Amino acid sequence: DIQMTQSPSTLSASVGDRVTITCRASQSISSWLAWYQQKPGKAPKLLIQKASSLESGVPSRFSGSGSGTEFTLTVSSLQPDDFATYYCQQYNSFSRTFGQGTKVEIK
Amino acid sequence: EGHLVESGGGLVQPGGSLRLSCAASGFTFGSYEMNWVRQAPGKGLEWVSYISSSGSNIYYADSVKGRFTISRDNAKNSLYLQMNSLRAEDTAIYYCARRPTAAPFDYWGQGTLVTVSS
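Chains as they are written, first to last, in the working numbering: chain A, 511 to 617; chain B, 1402 to 1519.
The shape of chain B in the complex, shown without the other chains (with noise of 0.2 Å):
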């Protein structure tokens, strides 16, 4: 059974930047597209980027495009998000979820929260 285990969140100012991890186990990771997922505390769920098992295709949500850099190793099983210029409005748990093909997400971690605030 996969297993995500997210790490890298914590305090930043605005203009900061932050870098995501998230480890894989359980699973064959290269086999797999990887996104990440925001929820704003009281919120939602937004989608913030994807990313394909080769890490050749990659989006991005409009409101982070041009901030945030999503990438990964395969051969370390891990997921990464790099987050510049960082604003108040990017405060949120971070959530990276895996996708077999042509599916929703079925694993999930258990989230890192990331609280930018000066």
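So here's chain A without its partners, still in its complex pose (with noise of 0.2 Å):
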């Protein structure tokens, strides 16, 4: 099975930041690599996929970026709402494993 790594586990910023996780991949899966926002309570929410491509109605601060093994999600300039906990997913197999989560803190 494909192994997802996510970096950092938690990450504490301020309204403003410029913030980056990171996703590893245990081999290639190419660009069939998906980013999620997770807020209390609440179902994951699709942000990126294809690594690269944002869903429709999702602020441009968001952005995605890597191919093959390594990807990052970039939140530009953080804003009030977007303290939540991100997941990137492969789905590059049929076991559309996830990273472990990386929860974005109010610093």
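Derived by calculation from the structure, the hints in this document are not laboratory data.
Among these hints, one or two may not hold up.
Derived DSS-like pairs (lysine-lysine); straight-line CA-CA distance at most 25 Å [what the hints assert, rightly or not]: (1) A:Lys617 - B:Lys1444; (2) A:Lys617 - A:Lys555; (3) A:Lys549 - A:Lys617; (4) A:Lys613 - A:Lys555; (5) A:Lys552 - B:Lys1444; (6) A:Lys617 - A:Lys560; (7) A:Lys552 - A:Lys613; (8) B:Lys1444 - A:Lys613; (9) A:Lys549 - A:Lys613; (10) A:Lys549 - B:Lys1444; (11) B:Lys1444 - B:Lys1466; (12) A:Lys549 - A:Lys560; (13) B:Lys1444 - A:Lys555; (14) A:Lys552 - A:Lys617.
Everything numeric in this text was worked out from a predicted model, so none of it was measured.
Take the two lone chains, each set in its own frame, and fit them into one complex as the hints suggest.
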């Protein structure tokens, strides 16, 4: 199975900060990488697919990059609504593995 | 716009069984692959099972293989998860999620809580 490793596990930041989350795959997944945002008590929300394609309605301050085994999610200027947990997911294989999550907290 | 509603969760003793359902509306259910994903309390997301649009292809996570069975009824716009031989570590919120072809999970239900405890 493909393993996904996110870092950091927790990130403390302030409104207006630029933040970057990294996701590494145990083998190449080309660009079959998605990013989700989850808030407490809610289902995950798809932000980005195919490593860098922003979903409709997702603010442009979110961006994704990478291919192969290393990927990043960047928020260019953190807003109050962005404090949440973020997960990467590979969909290259049928076991659609998730990373362990990165919690973005208020500093 | 798609809408998914899970039901069937609850408290069950270790070794017991439970059947989850996911009712779909607002889209052509039979055209989409579907998945179950779970989240243990305070933990991350874990993919559980996949079923193709026709039901002919099915996959499971190793952690549930041999105990859980995914199925669907396209005429009833419904997805199911039969869970047998339940263990404490199966305690989680269970989400159903839609997957368009060659894409990640774009619609999720609100989840249903399964608690395995004596």
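Verification of the hints:
1. Pair hint lysine 617 of chain A plus lysine 1444 of chain B holds up; C-alpha atoms about 22 Å apart against a cutoff of 25 Å.
2. For the hint linking lysine 617 of chain A to lysine 555 of chain A, the alpha-carbon distance of about 24 Å falls within 25 Å, and the restraint holds.
3. Taking the CA atoms of lysine 549 of chain A and lysine 617 of chain A, the gap is near 17 Å; set against the 25 Å cutoff, the hint holds.
4. Between the alpha carbons of lysine 613 of chain A and lysine 555 of chain A the distance comes to roughly 15 Å, so the proposed pair stays at or under 25 Å and holds.
5. Annotation: proposed proximity of lysine 552 of chain A to lysine 1444 of chain B holds, straight-line Cα distance about 14 Å (limit 25 Å).
6. This hinted pair does not check out: lysine 617 of chain A and lysine 560 of chain A have alpha carbons roughly 31 Å apart, beyond 25 Å.
7. For a cut-off of 25 Å, the pair hint linking lysine 552 of chain A to lysine 613 of chain A stands: about 14 Å separates their Cα positions.
8. A threshold of 25 Å between alpha carbons decides the hint, and for lysine 1444 of chain B with lysine 613 of chain A the separation of about 11 Å falls inside it, so the pair holds.
9. For the proposed pair lysine 549 of chain A and lysine 613 of chain A, the alpha carbon gap of about 10 Å is at most 25 Å, so the pair holds.
10. For the suggested pair lysine 549 of chain A and lysine 1444 of chain B, the alpha carbons sit about 13 Å apart, so the restraint of at most 25 Å is met.
11. For the hint linking lysine 1444 of chain B to lysine 1466 of chain B, the alpha-carbon distance of about 21 Å falls within 25 Å, and the restraint holds.
12. As the CA atoms of lysine 549 of chain A and lysine 560 of chain A are separated by approximately 22 Å, the hinted pair is consistent with the 25 Å bound.
13. With a C-alpha separation of about 17 Å, the suggested pairing of lysine 1444 of chain B with lysine 555 of chain A holds against the 25 Å cut-off.
14. Between the alpha carbons of lysine 552 of chain A and lysine 617 of chain A the distance comes to roughly 23 Å, so the proposed pair stays at or under 25 Å and holds.
Of the numbered hints given earlier, the model fails hint 6 alone.
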